[in-house]
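Could you slot chains B and C onto chain A? The hints should help.
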Amino acid sequence: MLTLASDFGTPYPAAMRAAIRQHSDAEILDVAHDFPRQDVRTAAFWLREVLPYAPPAVHCAVVDPGVGTDRSAIALRVGEHALVAPDNGLVLPAARELLDPPAIAGSGLRGVDPVDSPDQPSDESGDPGAASTPTEIEAFEILVDDPASSTFHGRDVFAPAAALIHERGVSEMDACPFLEPRTEYVDLRFPDPVIERDDDPDDLQIQGQILVVDGFGNAITNVPGDVLAERDRVEVDGTSWPVVDQYAAVESGTGLLTVGSHGNVEFAVNRGRGDGVFGVEAGDSISLR
Amino acid sequence: MLTLASDFGTPYPAAMRAAIRQHSDAEILDVAHDFPRQDVRTAAFWLREVLPYAPPAVHCAVVDPGVGTDRSAIALRVGEHALVAPDNGLVLPAARELLDPPAIAGSGLRGVDPVDSPDQPSDESGDPGAASTPTEIEAFEILVDDPASSTFHGRDVFAPAAALIHERGVSEMDACPFLEPRTEYVDLRFPDPVIERDDDPDDLQIQGQILVVDGFGNAITNVPGDVLAERDRVEVDGTSWPVVDQYAAVESGTGLLTVGSHGNVEFAVNRGRGDGVFGVEAGDSISLR
Amino acid sequence: MLTLASDFGTPYPAAMRAAIRQHSDAEILDVAHDFPRQDVRTAAFWLREVLPYAPPAVHCAVVDPGVGTDRSAIALRVGEHALVAPDNGLVLPAARELLDPPAIAGSGLRGVDPVDSPDQPSDESGDPGAASTPTEIEAFEILVDDPASSTFHGRDVFAPAAALIHERGVSEMDACPFLEPRTEYVDLRFPDPVIERDDDPDDLQIQGQILVVDGFGNAITNVPGDVLAERDRVEVDGTSWPVVDQYAAVESGTGLLTVGSHGNVEFAVNRGRGDGVFGVEAGDSISLR
Chain A
73 MLTLASDFGT
83 PYPAAMRAAI
93 RQHSDAEILD
103 VAHDFPRQDV
113 RTAAFWLREV
123 LPYAPPAVHC
133 AVVDPGVGTD
143 RSAIALRVGE
153 HALVAPDNGL
163 VLPAARELLD
173 PPAIAGSGLR
183 GVDPVDSPDQ
193 PSDESGDPGA
203 ASTPTEIEAF
213 EILVDDPASS
223 TFHGRDVFAP
233 AAALIHERGV
243 SEMDACPFLE
253 PRTEYVDLRF
263 PDPVIERDDD
273 PDDLQIQGQI
283 LVVDGFGNAI
293 TNVPGDVLAE
303 RDRVEVDGTS
313 WPVVDQYAAV
323 ESGTGLLTVG
333 SHGNVEFAVN
343 RGRGDGVFGV
353 EAGDSISLR
Chain B
73 MLTLASDFGT
83 PYPAAMRAAI
93 RQHSDAEILD
103 VAHDFPRQDV
113 RTAAFWLREV
123 LPYAPPAVHC
133 AVVDPGVGTD
143 RSAIALRVGE
153 HALVAPDNGL
163 VLPAARELLD
173 PPAIAGSGLR
183 GVDPVDSPDQ
193 PSDESGDPGA
203 ASTPTEIEAF
213 EILVDDPASS
223 TFHGRDVFAP
233 AAALIHERGV
243 SEMDACPFLE
253 PRTEYVDLRF
263 PDPVIERDDD
273 PDDLQIQGQI
283 LVVDGFGNAI
293 TNVPGDVLAE
303 RDRVEVDGTS
313 WPVVDQYAAV
323 ESGTGLLTVG
333 SHGNVEFAVN
343 RGRGDGVFGV
353 EAGDSISLR
Chain C
73 MLTLASDFGT
83 PYPAAMRAAI
93 RQHSDAEILD
103 VAHDFPRQDV
113 RTAAFWLREV
123 LPYAPPAVHC
133 AVVDPGVGTD
143 RSAIALRVGE
153 HALVAPDNGL
163 VLPAARELLD
173 PPAIAGSGLR
183 GVDPVDSPDQ
193 PSDESGDPGA
203 ASTPTEIEAF
213 EILVDDPASS
223 TFHGRDVFAP
233 AAALIHERGV
243 SEMDACPFLE
253 PRTEYVDLRF
263 PDPVIERDDD
273 PDDLQIQGQI
283 LVVDGFGNAI
293 TNVPGDVLAE
303 RDRVEVDGTS
313 WPVVDQYAAV
323 ESGTGLLTVG
333 SHGNVEFAVN
343 RGRGDGVFGV
353 EAGDSISLR
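Chains as they are written, first to last, in my numbering: chain A, 73 to 361; chain B, 73 to 361; chain C, 73 to 361.
It is worth saying that the hints were derived from the structure and are not from the lab.
For every residue, glycine included, the Cβ atom is placed at its ideal position computed from N, Cα and C.
Be aware that a few hints might be false.
Here are a few chain C residues that face chain B, going by a calculated C-beta distance under 7 angstroms [claimed, not checked]:
| hint | residue |
| --- | --- |
| 1 | Thr82 |
| 2 | Arg93 |
| 3 | Gln94 |
| 4 | Ala98 |
| 5 | Pro137 |
| 6 | Asp218 |
| 7 | Pro232 |
| 8 | Pro253 |
| 9 | Tyr257 |
Here chain A stands alone, though its shape is the one from the complex (with noise of 0.2 angstroms):
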């Protein structure tokens, strides 16, 4: 399996896919292409956020505001997962959270054992799961004869390599002609929450950033969720709000706290924006207690 995400919009994906099936008959899965223009660190998160979820596959993501420069590509390999994107730190929080996924999701469901699902890697040594955790990052350079030849990278190079290295496998791209083994990468980390613990352990004060807004206006924090367990009510940057579960615990216009989809503090509105209700943008820090 492929997948394929970028901030290319329309129609120049169907390129990119018509391009991969001149090389591979792979299945190809849309993670997005309307990602925030230009904007690496967004999709890095949302990357982060879907890839892991995934069986093992080859990833290309392609947002790439150097797209003319001298900066590289790469292909990454994490375990039976690979990489394929621009040097730019876009792929390093979703291969880092390669290294360490999340359940199988449907393991809630009664009954459903996760091992038994069909797709599920098969480790030859009889430990089942072994297989299924990569331990490192290997990098890999993606030599281009003439880069310079094309300004659609996502279509004439990210594409084609991300299908080719299917094709061969992901277990043998140090055999493949057009990757080069390389030890360093540009990497991307989003910071850590600050969280300062007083005398009386339910007074917590953390620290925190807004690390994107989604498209509905939910401002997502990097403070884990579980902060906000046994709590009613929450203040950020002094003001007090609601903690829900679920957005129609409050009346229709009105700001709450929640755990989203990510696990993380996010800051909605029931039927409405968060971002505007509390004034913060990609990137704010703010403060929680």
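Same frame as chain A, now just chains B and C:
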């Protein structure tokens, strides 16, 4: 085949697709992921318009204002189709339509006999077509061990349940460990119009409703299109509008009545928005004459 | 493979995909469904940019302001490709491009020989590549028994016709019961620019046109990109603008000329809309010097 529909925008549905791939290789056909947020009624309308045109499939649809409450998750079986959704009525109009499905698209092409289509369900009894006419809607509850452990039921409950039902087979739903037969579910019905005939058979009085407004601003009513046959103009709430077969029959910006792809009367504007010119929105009562 | 393109927005294209699945299991590659509504010219431009990058396929494209009139439905054959569309010129630029297709994407990757690609059409005569160079556009009319019985020809005519042509084989179109050879069809051509050279070979005067504006506001001209080679600045309608390889080479909000992925000169703005800053829209004449 699996179909997938939601109000999740982007990129959340990609996590649903990835989750499906952990359990099934079945093809995924996206219906739409930009349904108006938390608007069960509009999504139910569109699901009814689209799903009955598909061959037998497991349909997964999530528009779920009640996530986080104790609303159930359900799976319906209608012949060879299954529908997986929150128990809020979302898939009931589509389920009922599957009891009386439309003709297979393309049967108007010269020389094409839909019975010859390779994907048609065959009936071993030799009675063509009999297998494809289900007579009842069977309901199951989807059992989740700890629903509150996830805030993203689309990824963690509905998508995996649909994938696993597909893998085990729709005919085997009775034996599925996470499905339990039940007789009740939340229903949702669109109102029928009230059509009064005067002494003059040509003088119809119709009390109808705007069911939904589509992305182009076309206001779709619950009034069957055949009432427009042989008519040049129709009064809507006292104002007369032209009846046309194609938008271009009136000047740019002019309102018109036509029959949409759904077979109902639609208020539209050539190169404009019908909801604006007609001053209507979803749920409004309208009177035609 | 089938490709699918329209101006239907959402969720109408899902009904087309469902209809295809009644007749064919072929992969469906969506080109775009958000072409500007009823804008045949813009859609024709994008189809020309995308379709030639695909391996042999049946391409179904519907932008159809004449639906409801007596316009024909056509199917074109260009070598191993077929194009199904309303007879309004929509697929003619793409069809002509298939007579002279671009290099296979990815041939710039080191060590990659496109002839080795698994999906390349093979030529039984042993003459590699010969099969992939069609020399003519063959036209067929799609025969529909009662066109007026449907208002959604995308679902009821074009999608099923494309699916059935795929199943029967593009080489068997002559024997297809709903296809009839014809010699005439509506054509659509984009104008060529007029390039005048002065005594000074570096002083070019070019009369061109804005062909389309893409979703980011980039105004794409009909002027081939090579006229920008070795130039730092170019005058557009008397105003001088920088020529750059990448948006980031100018300040945020500043206009620029560059060569787009389509190979033509494009008016753009770093982190802004080129159509606004340059004051142009599709169809405008422009003068470059």
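Against the structure, the hints come out as follows:
1. Thr82: Thr82 (chain C) check passes; min Cβ-Cβ to chain B is 5 angstroms, inside 7 angstroms.
2. Arg93: Since the shortest Cβ distance to chain B is 5 angstroms, the answer is holds.
3. Gln94: holds, 5 angstroms
4. Ala98: violated, 11 angstroms
5. Pro137: holds, 6 angstroms
6. Asp218: holds, 6 angstroms
7. Pro232: holds, 2 angstroms
8. Pro253: Where the cut-off is 7 angstroms and the nearest Cβ of chain B is about 14 angstroms from Pro253 (chain C), the hint is violated.
9. Tyr257: With Cβ-Cβ at 19 angstroms, over 7 angstroms, it is violated.
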